[in-house]
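Chain by chain, the residues run as shown.
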Amino acid sequence: MSEIEPLTLNHIAALVGGRVRGDGELIVEGVASLHEAGPSQIGFLAAKRYVRFIEGSRAGSFLSSAAMERFLPEGAPGVVVEDAYSALRTLLWHFFPEAVVPAEVHPTAVLGRGVRLGTGVRVGPYVVLEDGVTVGAATRIASHCVLGARSTVGERCVIHPHVVTYADTVVGSDVTLHAGARIGSDGFGYTVVDGAHLKIPQVGRTIIEDGVEIGANATIDRGSLGDTVVGRGTKIDNLVQVAHNVRIGAGSMLAALVGIAGSTRIGAGVWFGGRASAINHLEIGDGAKVAFGSTVMRDVPAGETVSGSPSRPHREQMRRQAQVGRLDKVVERVQKLESLVS
Amino acid sequence: MSEIEPLTLNHIAALVGGRVRGDGELIVEGVASLHEAGPSQIGFLAAKRYVRFIEGSRAGSFLSSAAMERFLPEGAPGVVVEDAYSALRTLLWHFFPEAVVPAEVHPTAVLGRGVRLGTGVRVGPYVVLEDGVTVGAATRIASHCVLGARSTVGERCVIHPHVVTYADTVVGSDVTLHAGARIGSDGFGYTVVDGAHLKIPQVGRTIIEDGVEIGANATIDRGSLGDTVVGRGTKIDNLVQVAHNVRIGAGSMLAALVGIAGSTRIGAGVWFGGRASAINHLEIGDGAKVAFGSTVMRDVPAGETVSGSPSRPHREQMRRQAQVGRLDKVVERVQKLESLVS
Amino acid sequence: MSEIEPLTLNHIAALVGGRVRGDGELIVEGVASLHEAGPSQIGFLAAKRYVRFIEGSRAGSFLSSAAMERFLPEGAPGVVVEDAYSALRTLLWHFFPEAVVPAEVHPTAVLGRGVRLGTGVRVGPYVVLEDGVTVGAATRIASHCVLGARSTVGERCVIHPHVVTYADTVVGSDVTLHAGARIGSDGFGYTVVDGAHLKIPQVGRTIIEDGVEIGANATIDRGSLGDTVVGRGTKIDNLVQVAHNVRIGAGSMLAALVGIAGSTRIGAGVWFGGRASAINHLEIGDGAKVAFGSTVMRDVPAGETVSGSPSRPHREQMRRQAQVGRLDKVVERVQKLESLVS
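Here the protein sequences come in this chain order: E, C and W. So the first sequence is numbered by my numbering: it starts at 226 and just counts up by one. So the second sequence is numbered by my numbering: it starts at 226 and just counts up by one. So the third sequence is numbered by my numbering: it starts at 226 and just counts up by one.
Among the hints, a few may not be true.
Identical copies go unnamed one by one, so any copy, or any two together, can satisfy a pair.
Derived BS3-like pairs: lysine-lysine, alpha-carbon spacing no greater than 25 Å straight-line [stated by the list, open to error]:
| id | residue 1 | residue 2 |
| --- | --- | --- |
| 1 | K514 | K424 |
| 2 | K554 | K273 |
| 3 | K514 | K273 |
| 4 | K424 | K273 |
| 5 | K554 | K424 |
Quick caveat, the hints were computed from the structure, so don't treat them as lab data. Bear in mind that the values here come from a model prediction, so they are computed numbers and not experimental data.
Next up, chain E with everything else stripped away, as it sits in the complex (with noise of 0.2 Å):
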């Protein structure tokens, strides 16, 4: 990291927009949690529950929200700003830079026939590009990955190591996929006949619009008829399932493990916690909440909060939770009306 460049407290803070304390020429040499931060460096502080590791701190300075500043050890250098977690992820930038990885097709790379790469391209060891796939400048595909026929990848992507796309996949600019991840594989889709469970063609393609993250060893099916798409800058999170014909809209966020059902349909800037899971062709609304490991199995209304499994409104949930704690002194109460009545 010798090369990274120090900054001084006034430069964090000019960066950042935040306001210095104490000795603004204070020179930081990195960002740290508390509890890890040495004296050359500024530690992080942005909640609560991270109080408790100031008193230990080696941390020569600290990066703290203005709710949590309160809590510093007096005369204590720094820099304080509203947004503490968007101040971290600038420092971020500067202390852990990209690493730049040489523009080149290396020579293990299988290219087909038609293939159309930008300018600026990185094809790592191993990777198959399918007939006529193209990929847009600036985009880094790592070792081993698979993309297939006439997928088409845009600009400035990383598709880190061990993805594959199946054919016909589309996947827009500023898109990450993580390492196992795989687009548009077949959806889950028989008819019976005869008793037996025969395949219907599943000839949809998946769209990964522009800013979309999607997490390790996740799967997002093709359409069946029609397309299953994930739409802009929304992030999906390791091991999760997106069925056939789903359809996410813009800036939502699906946490690790969750399953979402095919067909059904979520809007932009819905929140699913951790294993929460959907079934089939429901509709959630825009800016709907579903709690870690609930079970949607109706329709969610825009900004709704569910929770639970099946899920209900949150509070509703709650409720019902408490009487059924509570359901002790019911049984209690109705023995004693036996004892007074009989």
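Following the hints, position chains C and W against chain E.
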């Protein structure tokens, strides 16, 4: 797609065993969903939830189930069948024939000693076939697959990129394995000695019978002693886990993210909805149905439908849910009694 | 298997620390489950549920736990031990010794600058070791693995095909990584700026300590700031997700499809049953047990067993379930009271 032969409605009716509405000589160049079909295509209608798309549809004709025909525009041309999904399947194979993949062993494939390949086998770039692997006629093995030592694969299989079979795996004929499926990985078997978990060697095999399809990134563990078996024609979706020594009968369906723990036996024609799971050492009888998201913790008799976590017969589960929903009322009634009695 | 040395019952008893029943010179050529063992094999009996297989068993002798010995046919030869699973493990290593893999670097492997390999390392076909990777003595890296820049792997590890480690991952000695495991992928960390989710660079590492085993297609994210740690001897099953900055102590067990959300700390000797999960920022104490399918939403004290969703102490959960099951009765009693009072 210009090489695909267009069909008249009369042709289609003959192909799918249906009845023509309107002009039987009308030419159809493709099949699509109602909201995506254009004037030269036949739009597909088989479920009530898609009736709302009829009004805006640009489809030039309609492929409809008999049950839905009454929703078609008056006089609209088309073909009507009893089982619209089977008819769709037939038309899709016509309009989207599978790509012809040349039978060849790519020069980058690594073949161990004693590998035997049937006629017409396709082995893609960077495939590794370890010592003693056998592959049946007309099977296609896509890029980057690794078949472990002595694995055998039957005829006419389609093995998508990045599949791994561990040593001694047995795969039947007409099997489809999707990208990233892991067949024959070690079961989760340990014994505790002096407080440490020591691995019990997993020396059984995984046997995948004819006609099975296994989804992307699914994992099917080998047996510990004895084998793990997936029965003829069973379909397994993405990200499913089948643990060691599980035995699944013929024609069962396991939707995405299902997990079956060790040694559980699943009968024939069983349905597991998405994200359902079963603990170890259970018996799930033929034709049982496990609802989406359920957790099966005891044996399920043949033909029963269960739901919930822990799962119960579906009616009982529904009754319990309803009773909890009426707890307010019960508490009110108790209060009223108390006011009367005291 | 003809090269495997047969054993007499006397030999077996000496190997496993057991007691001989019947003819100690009886020759045994293998070990198998009761229903699969033949006359030259010793059948395995350690649990009551397998007693029913004794009658039809063709096994020539029996390896039985002391507790199960009374179910053996009168006079049947065999070996009796206290801990039958440990004895089984010993016999399996004898009858199914690990294949000897030659120490070689396959000519198709791609090694970056500064890669260091210990003695006796095996590097399989199409492996990619990026710049600065270090691999300890006697470690075996199977086909198609990609170890990211500066990853270090200890001695005697077994890395199955298609494993990916991201840059800077640290793997100890005696570690087993199964096919498709992704170690060090980015955590799901974003900050919202002007309504868009912007990625927070994930700059921590993943540290896998000695003796860990990680299942097929599991994903272990790198830390955001600071590290994700999987402690010594911990075993992780297939399709498990471990999020950024999770820390797991020594000797814990996470069964298949488990998901642990960000920054949660799991103690030593903890058990997570299949498909269980925990939300972020929790503390799960040493020796805690989380039942199959449970959703942990608050801290769990050391030694406690929890179940359900949301999880509760197991007894409390059972009591709640039972109370809901008796709701019919409560309603009947209230009705009776109403009829008496009104």
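Results for each hint:
no.: 1; hint: K514 / K424; result: between (34 Å within a copy, 20 Å between copies)
no.: 2; hint: K554 / K273; result: neither (36 Å within a copy, 41 Å between copies)
no.: 3; hint: K514 / K273; result: within (24 Å within a copy, 28 Å between copies)
no.: 4; hint: K424 / K273; result: between (53 Å within a copy, 22 Å between copies)
no.: 5; hint: K554 / K424; result: neither (55 Å within a copy, 49 Å between copies)
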